[in-house]
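Which chain is which? The protein sequence lines are L and P, in order.
Letter 130 of the first sequence, counting from 1, is numbered 130 in my numbering, and no numbers are missing.
Letter 220 of the second sequence, counting from 1, is numbered 220 in my numbering, and no numbers are missing.
Simulated from the structure, these hints should not be mistaken for laboratory data.
Among these hints, one or two may not hold up.
DSS-like cross-link-like pairs, simulated, lysine-lysine; straight-line CA separation at most 25 Å [what the hints assert, rightly or not]: (1) L:K97 to P:K228; (2) P:K83 to L:K312; (3) P:K312 to P:K61; (4) L:K250 to L:K24; (5) L:K346 to L:K336; (6) P:K61 to L:K97; (7) P:K83 to L:K83; (8) P:K338 to P:K311; (9) L:K312 to P:K336; (10) P:K323 to L:K228; (11) P:K312 to L:K311.
Residues from chain L that keep clear of chain P, each with C-beta distances beyond 10 Å, as calculated [as the list claims (entries may be wrong)]: (12) L176; (13) E222; (14) S287; (15) K378.
We put the CB at the ideal spot given by N, CA and C, even for glycine.
Number of protein chains: 2
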Amino acid sequence: MKRAEGAGKATLPKSPEKDDKRAKAELEGLAEGIIKSIDRKENPKIVTTSRTKSNVIYDDKEGILKLGDSTEERTFVNVGQAKRFMQTIAVAAKCYKFVTENLHTSIRGLFYQLKYSLGEDIDENIFNEQGESNPLIEDLEVALNVKREDLNLNATRRGVLAGDMKVMDSFGNERLEIDTSRMGRSGWAIPSDVDHDIEFVDVKAKYVLVVEKDAVWQRLNEDRFWQKENCILISPQGQATRGTRRIIRKLSDMGLPVYVFNDGDAWGWYIYWTIKTGSINLAYIGSDIATPSAKFIGVTMSDLEKYDFLKKMTMRASEVDLKRAQEMLGYPWINKHKEWVEELKKVIKTKTKLEQDTLQGPRLTFIDDYIREKIRNKEYLP
Amino acid sequence: MKRAEGAGKATLPKSPEKDDKRAKAELEGLAEGIIKSIDRKENPKIVTTSRTKSNVIYDDKEGILKLGDSTEERTFVNVGQAKRFMQTIAVAAKCYKFVTENLHTSIRGLFYQLKYSLGEDIDENIFNEQGESNPLIEDLEVALNVKREDLNLNATRRGVLAGDMKVMDSFGNERLEIDTSRMGRSGWAIPSDVDHDIEFVDVKAKYVLVVEKDAVWQRLNEDRFWQKENCILISPQGQATRGTRRIIRKLSDMGLPVYVFNDGDAWGWYIYWTIKTGSINLAYIGSDIATPSAKFIGVTMSDLEKYDFLKKMTMRASEVDLKRAQEMLGYPWINKHKEWVEELKKVIKTKTKLEQDTLQGPRLTFIDDYIREKIRNKEYLP
Numbered sequence: 001m002k003r004a005e006g007a008g009k010a011t012l013p014k015s016p017e018k019d020d021k022r023a024k025a026e027l028e029g030l031a032e033g034i035i036k037s038i039d040r041k042e043n044p045k046i047v048t049t050s051r052t053k054s055n056v057i058y059d060d061k062e063g064i065l066k067l068g069d070s071t072e073e074r075t076f077v078n079v080g081q082a083k084r085f086m087q088t089i090a091v092a093a094k095c096y097k098f099v100t101e102n103l104h105t106s107i108r109g110l111f112y113q114l115k116y117s118l119g120e121d122i123d124e125n126i127f128n129e130q131g132e133s134n135p136l137i138e139d140l141e142v143a144l145n146v147k148r149e150d151l152n153l154n155a156t157r158r159g160v161l162a163g164d165m166k167v168m169d170s171f172g173n174e175r176l177e178i179d180t181s182r183m184g185r186s187g188w189a190i191p192s193d194v195d196h197d198i199e200f201v202d203v204k205a206k207y208v209l210v211v212e213k214d215a216v217w218q219r220l221n222e223d224r225f226w227q228k229e230n231c232i233l234i235s236p237q238g239q240a241t242r243g244t245r246r247i248i249r250k251l252s253d254m255g256l257p258v259y260v261f262n263d264g265d266a267w268g269w270y271i272y273w274t275i276k277t278g279s280i281n282l283a284y285i286g287s288d289i290a291t292p293s294a295k296f297i298g299v300t301m302s303d304l305e306k307y308d309f310l311k312k313m314t315m316r317a318s319e320v321d322l323k324r325a326q327e328m329l330g331y332p333w334i335n336k337h338k339e340w341v342e343e344l345k346k347v348i349k350t351k352t353k354l355e356q357d358t359l360q361g362p363r364l365t366f367i368d369d370y371i372r373e374k375i376r377n378k379e380y381l382p
Numbered sequence: 001m002k003r004a005e006g007a008g009k010a011t012l013p014k015s016p017e018k019d020d021k022r023a024k025a026e027l028e029g030l031a032e033g034i035i036k037s038i039d040r041k042e043n044p045k046i047v048t049t050s051r052t053k054s055n056v057i058y059d060d061k062e063g064i065l066k067l068g069d070s071t072e073e074r075t076f077v078n079v080g081q082a083k084r085f086m087q088t089i090a091v092a093a094k095c096y097k098f099v100t101e102n103l104h105t106s107i108r109g110l111f112y113q114l115k116y117s118l119g120e121d122i123d124e125n126i127f128n129e130q131g132e133s134n135p136l137i138e139d140l141e142v143a144l145n146v147k148r149e150d151l152n153l154n155a156t157r158r159g160v161l162a163g164d165m166k167v168m169d170s171f172g173n174e175r176l177e178i179d180t181s182r183m184g185r186s187g188w189a190i191p192s193d194v195d196h197d198i199e200f201v202d203v204k205a206k207y208v209l210v211v212e213k214d215a216v217w218q219r220l221n222e223d224r225f226w227q228k229e230n231c232i233l234i235s236p237q238g239q240a241t242r243g244t245r246r247i248i249r250k251l252s253d254m255g256l257p258v259y260v261f262n263d264g265d266a267w268g269w270y271i272y273w274t275i276k277t278g279s280i281n282l283a284y285i286g287s288d289i290a291t292p293s294a295k296f297i298g299v300t301m302s303d304l305e306k307y308d309f310l311k312k313m314t315m316r317a318s319e320v321d322l323k324r325a326q327e328m329l330g331y332p333w334i335n336k337h338k339e340w341v342e343e344l345k346k347v348i349k350t351k352t353k354l355e356q357d358t359l360q361g362p363r364l365t366f367i368d369d370y371i372r373e374k375i376r377n378k379e380y381l382p
């Protein structure tokens, strides 16, 4: 296997530092702009970058998916846009309230607040379905260059972490020190928001290891892999949430190499590429949550050549796996790496795949040795 | 609303105490029995209680779903059973190894160990799919009267907890004290196994509050509801896992009343009844993981009479909700409670439902007052 380029800490621009007060100022600026327009008898408008698929681009220099330059305007005096304009302002007003009160809720909580308050004065429901309010939140994120988390809207959280590091969580009035090396069998649950009133200090680990499956995380945690290897052990517990992607990026910003160990199938690849380059759906926050320096340590089809027992352990690749492999060969951010082209072609040709749990076959702790060796020998895909 | 009977601590038999060494002894007993049969030239057999739906009964006295008396025999000298018999012994042997080594894995990890070790000597794969090994694990659980967790097989974990209590987690060689009142925004992640090498001490809380959705848990955690009310705040984060059901039961065994706050729909009811009476699929461990004293505090259709604003906040009940409500009316453990019959009939009649997030409508903290009042006034369904 060709050695991939070094874990590359230095070349990337660091993700923007968060400023708790900026979201509030941005919301105030939006409101002031609209009031000024009205005073001047102009048509109030909101300008936002287009989030359509055609405006999602791969930035080869940064190594992330992000939005292009196309913008969209929402104006108030426009039959087709008036309702949506008004809805966006209603969403902004609620978020301003949450930020001012310093209270958080979910996008579903926001939806019910909108349903409640608008329902008081007006007989018609202005939002009937949450599907109507969700894209307006994204509009605001893009228009104001803030993240949902800056607007006090929690996203789904999932993911767990263990390692030699401390979390300073200013929770309520208390400043808690949480030692993520003393969380036992459970690990530390990665929250939705890892930017506000929270700090990661005393990070003594040398690298970050991300393992797709929680069951594998538990296995490695039991072996104290993170302690023996001095790494931060993370499982996204499936697809990585915004919070989990963000913390991986923050640890990368601190100079830690990031290695990902997943199933060698459609889902495992997808989870990896989402962590590395970001995703099309969240391209608008790609520069915050993608970690372009991430490396894929396995499971790969090349492992079959090295570990003889694996030949008996392959599973049949599903239609989804094969279709996904074919699609991935068409993505410029993937097919620019010949190691990935080889890997995907092997899957398509043999119609087989390997799961990460397979490495527990010979003995439960074999998986530890596999990972250690891969990292030591720099045997990973870019 | 009729007041439900008291939270009833005393009448239930406590769930069995766990003995770490019992599973090992049971596995040894199984093996010895088989060896003896062979020595005596008898046909080796394994006797297990039938887990078919027809053998799942509702025990009205205990208030749980459990297995009836039908048993099944697996014998070795039997064309139809020989393979399955051998597979069961292979599973038992692996579990014995895990227990002896004091290492844990998932049922997928077990599957790959079986695939590996049998594959060494025999050309044919004895397990092709995990679907073949999973029921054999359940066979063993029932035959030996142990839980998967006793066999060092982790189940899926999910669920989070905060409250005034300490977890003594003997993790590896370290005995960690985890204070679940100092877990900040994250809470303590409930592990798969809450019985072995783990203790819950200094439980100062007065009751347990279970909220279906993690977003609602986060909302209440931010308000420090558990601190103000002195309760243990748990979210199963959807359907409750074995570990989450088990910890709820253990806290109930300590004398704490258990209140559940869910959506008033198919999924919310299902989560509640699974916590309270156990489920058909896991009836074989019902006496360990069901909490018959649990009460349902909402959201209920009767809330519409009390909280006027809710009338504007109902959602259309889905086909699944209506079908489920109809089915539930046929379950003896549900239709024996006339409060539940009334509730379900209201949903069927009005074809509407209420979600727990609705209670954030008037203000984010309204949900706190709602829960407090419900508990104070004992306004819950049995």
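Hint by hint, here is what the structure shows:
With a CA separation close to 24 Å, the supplied pair K97 of chain L and K228 of chain P stays within the 25 Å bound. Between the alpha carbons of K83 of chain P and K312 of chain L the distance comes to roughly 20 Å, so the proposed pair stays at or under 25 Å and holds. Between K312 of chain P and K61 of chain P, the direct Cα distance comes to roughly 41 Å. Violation of the 25 Å bound is thereby established for this hinted pair. At most 25 Å may separate the alpha-carbon atoms for a hinted pair to count; K250 of chain L and K24 of chain L meet this at roughly 23 Å.
Between K346 of chain L and K336 of chain L the alpha-carbon distance is near 17 Å, which keeps this suggested pair within the 25 Å criterion. A C-alpha spacing of about 51 Å is found between K61 of chain P and K97 of chain L, which places the hinted pair above 25 Å, so the restraint is violated. Of the pairs offered as hints, the one joining K83 of chain P and K83 of chain L is violated, with about 67 Å between alpha carbons and a cut-off of 25 Å exceeded. Distance check on the hinted pair: K338 of chain P and K311 of chain P sit about 24 Å apart at the alpha-carbon level, within 25 Å; holds.
Under the criterion of a C-alpha separation no larger than 25 Å, the hint pairing K312 of chain L with K336 of chain P is inconsistent with the structure, at around 54 Å. Distance hint between K323 of chain P and K228 of chain L is unfulfilled; the C-alpha atoms sit about 53 Å from each other, more than 25 Å. Proposed proximity of K312 of chain P and K311 of chain L is contradicted: the alpha carbons are some 61 Å apart, above 25 Å. With a cut of 10 Å on Cβ distances, L176 of chain L falls inside the contact zone with chain P, its closest approach being about 5 Å.
Under the 10 Å C-beta cut-off, the non-interface status given to E222 of chain L relative to chain P is violated; the minimum distance is some 6 Å. With 10 Å as the threshold on Cβ separation, the claim that S287 of chain L sits away from chain P holds: the shortest Cβ distance comes to roughly 24 Å. At roughly 26 Å, the least C-beta separation between K378 of chain L and chain P is larger than 10 Å, which holds for a residue marked as non-interface.
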